[in-house]
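Protein chains: 2
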Amino acid sequence: MPEEAFTPSGAQRLVEAAVGAGVEVCFANPGTTELPLVDALDRVPGVRAVLGLFEGVCTGAADGYARVAGEPALTLLHLGPGFANGIANLHNARRARSPVVNLIGDHATWHLAADAPLTSDIVSLASPVSGFVRTCGTADGLAGDVLAALAASVDPPGQVATLIVPADCQWDPAPSQPPPAPRRPRAAPVDEETVASAAKAMRTASSPVLYLGGAALGERGLSAAARIQAATRRPVFAETFAAKVERGGALPWFQSLPYFPERAVEALAGADVFVTAGAPPPVSFFAVPGVPSTLSPPTASHLALADPGNDVAAALEALADALGAPERVVQDPRPALELPSGPDLNADVAGLAVAALLPEGAIVVDEGATSGLGYTVRSPFAARHTTLGLTGGAIGIGLPLAVGAAVAAPDRRVVALQADGSGMYTIQALWTMAREALDVTVVVFANRRYAILGLELIRAGIDRPGPIATALTDLSRPDLDWVSLAAGMGVPGWRATTADQFVDHLRRSLSTEGPSLIEAVI
Amino acid sequence: MPEEAFTPSGAQRLVEAAVGAGVEVCFANPGTTELPLVDALDRVPGVRAVLGLFEGVCTGAADGYARVAGEPALTLLHLGPGFANGIANLHNARRARSPVVNLIGDHATWHLAADAPLTSDIVSLASPVSGFVRTCGTADGLAGDVLAALAASVDPPGQVATLIVPADCQWDPAPSQPPPAPRRPRAAPVDEETVASAAKAMRTASSPVLYLGGAALGERGLSAAARIQAATRRPVFAETFAAKVERGGALPWFQSLPYFPERAVEALAGADVFVTAGAPPPVSFFAVPGVPSTLSPPTASHLALADPGNDVAAALEALADALGAPERVVQDPRPALELPSGPDLNADVAGLAVAALLPEGAIVVDEGATSGLGYTVRSPFAARHTTLGLTGGAIGIGLPLAVGAAVAAPDRRVVALQADGSGMYTIQALWTMAREALDVTVVVFANRRYAILGLELIRAGIDRPGPIATALTDLSRPDLDWVSLAAGMGVPGWRATTADQFVDHLRRSLSTEGPSLIEAVI
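Sequences listed follow chains A and B, in order.
When we follow our numbering, the leftmost residue of the first sequence carries the number -9, and every step to the right adds one.
When we follow our numbering, the leftmost residue of the second sequence carries the number -9, and every step to the right adds one.
Okay, chain A solo, but in the shape it has when bound:
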């Protein structure tokens, strides 16, 4: 088709524009209505295409990539139903404020009225998880459309942007040169008055609390918060489910606000000034009768030092300066972690072993749920690393996040701490790890139940669940065999039933190139 050589298609223009704007990766699960875009990825070099065998793998991976790289990846998804399979992890990406750009192929514009079997209202599906939704109208517009989506995605603090691309817009010729990529906007600085008010409030309050979220949990933010704490000697809390936290080594560490709202209310009781940096004030994860939705005391005055879209780290540094804090806080040396041994294996033992053996610079993906605590409490004593968490409560993000993190940082070991129940939602991610030979160590905490639901049943006064409640929170009958599941997708795996085995397998996995999995039977 010689004219194609002279007049690129809309799809080619879209990919050209995306590459020009710096896009390097596309997590894809395409179908027929995306084939011109697939073809364009071959014709326009510059984008690594990573196949997921389920769309939730693609969207979760794009989130993980964004959290680690700080840049948006594309996803390529098939019409409404394909997109729908990616919504749960986009919900998490939205809560993580991750820049992600979804490309959804749709029917040709002239075919929509036929209401063909795969037709559905994609805008209605996309809106709840997207800060930007656009349906493209012409081939010539695609380049500008994707640049607008990319720009929206990185608009501080970051968001999910969704582009619905009809098939004819992809395959039709697009003669116009694409517009230039816009400059990436910077996070807005916090003005001096806000910093001065926060400093004054913290100095004059009897019980001020500093609450950190989002970018405040990076190295600069944490260091500044440590200076503030040194100056005020008042509590500092981190948000409970953070997208990304720098941790370990010589980094300062702050306690996360407890998950159960009664405990969080207790932890914050008596605060008269509540200063937030990088996150809105904390609310209860679920409603609990008799416990307020807002966790800080109603009598505390709230002061937002920095919103998520602000330059949070700079604001914290300015606040530390205003408080006359020391230039630098040197952390007390922390005790080395001692490796567990012996026959007993439980989540605590496994978490300790992970923290003790964690390699410098690792990325820990934490979807350990009730089994993750053993690691979490030891993580400040581990080597310097990054933790990615479950931000939106939509389970099934751990393995996909690990895929995206590993693609973004091929030189870092990724350790995925994975609850078994959650892991089943997007287990297809293991295959992508194998295909892409990603250096991921997957630790599955196999307690064979939805343990959090067991706890919540007790909290709801259902101390003796009946047979149905028991069955619906139980993952046994039959037990999942994670070693077989991993083998089925080309990932080597080992089962550990003792601490000694777990340590052996973990050492082996951490020194194995490509992915491997350890089923910790706890």
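Derived from the structure by calculation, the hints contain no laboratory data.
Hints are not guaranteed to be accurate.
[Stated by the list, open to error] To be clear about the criterion: a stretch of chain B counts as covered by chain A if any three or more of its residues have a C-beta under 8 Å from a C-beta of chain A, and this derived list gives those stretches:
(1) 96 to 108
(2) 272 to 279
(3) 296 to 302
(4) 380 to 391
(5) 477 to 487
Glycine included, each C-beta is placed from N, C-alpha and C at the ideal position.
With chain A fixed as given, assemble chain B onto it according to the hints.
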């Protein structure tokens, strides 16, 4: 809690009302906001709760149950993200016009304003796949709400109904007696004039075509269509992707309209009258440049004998009578199918073996995609059985449909013909088959690629796909090991690489209680 014994909770009232309306099954993947409903399932006997480890399993199973039982099952899903995981298969249920009632727990009404992590716009997510969406407001209203949803779901021809149930409405006391269950509406009869017009049109046209869909593909509809064909000697077509087709044994059989629109247009060329029964006129599955969306000739006049919500079988019988058709058409005896043998295994051979060995009364779930044809062309010669198809094009319904069909019909063997690519989307269904000991034979056609996309690339003129297009349509590197995957979820499996092995494994599976899987490497 003694007062609870006297004042049931909203959740209990809801379950009471559902049981009173005849609900017997709930496919569930609950979380914290659904626990009062889980508890109510224990307190109010009558509902079998079936756990899925992923929500798409639950929604696809509810669709399969509805198609086989003709009655709605409940699903129980966790907030927006949990529901979202079920959307793709609800899209198929919507296209199948299956009665399904989704119960989605949401945050307590007073907690929504807090915008807690799991909060999202559930109505926006639910609307594209639901004919009925209601957000409950009070505990006392729940019984009436679920009855309204159930009534909407069975309003002919059937639809998906979604009820969003805030947690406080579930746990608050509901003193009022629930209202009585409304009578189930019947399909509207087709009036005599419509039948007479259709008869006149078919008699006077030079080239009338009868097109069957929905309920027309049941035993009564097919028998009536055979009478019509005997009277008119004109072509009769079945819709391409039917929800449920009765087939085999002595049943009449009609060719399905071809999938590729060019072929469908050819098949219908020359028709001057196009009579539909049980389905709207056929449209192209995807847009193809130069091919119209509507497949019947633009010059043909369309006459709807019966809409999907009508009593389609009765209308066809009336039309046969009006055409003076014979009372009964006896099918010519069909040749017996000969079992394949030898070393060569391919989709055609496997399909023939399935058709030849199919037990009387089996339910075949057909998500074989490009590999399914070998079975489909032999199915009229198989024993009397029922086929369930992929109605909405959202792949990943096969294994869940099989779960629902097996729950609805424990005395019938279910045979799931499953393309490998599609099967990966909802592979968690294997675990539910094992837990519930469902008599399902899963045949995985392991061609290790998205073969339909390979075909569509060629059709789009991309004869030599580049490395990215090749990688994104290829399921090898690594190969999926379906025997390991099945074993990981407690399902025994065997791999066949020859026809002889396939026949042996198939015989063994068909005589094995509970689920088993055959990976046919083709």
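Checklist entry - At a Cβ distance under 8 Å, does chain A reach at least three residues of the segment 272 to 279 of chain B? => result holds (count 6)
Next on the checklist: Can you tell me if the segment 477 to 487 of chain B counts as covered by chain A, using C-beta to C-beta distances under 8 Å and a minimum of three residues?
Outcome noted: Holds: 4 residues of the segment 477 to 487 of chain B have a Cβ under 8 Å from chain A.
Checklist entry - Three or more residues of the segment 296 to 302 of chain B near chain A by CB distance under 8 Å? => result violated (count 0)
Next on the checklist: Under 8 Å between beta-carbons, do enough residues of the segment 380 to 391 of chain B, three at least, approach chain A for the coverage claim to hold?
Outcome noted: It holds, with 5 qualifying residues against the three required.
Next on the checklist: Can you confirm whether chain A covers the segment 96 to 108 of chain B, using C-beta to C-beta distances below 8 Å and requiring at least three such residues?
Outcome noted: holds (count 10)
In the structure shown, a violation is registered for the earlier hint numbered 3 alone.
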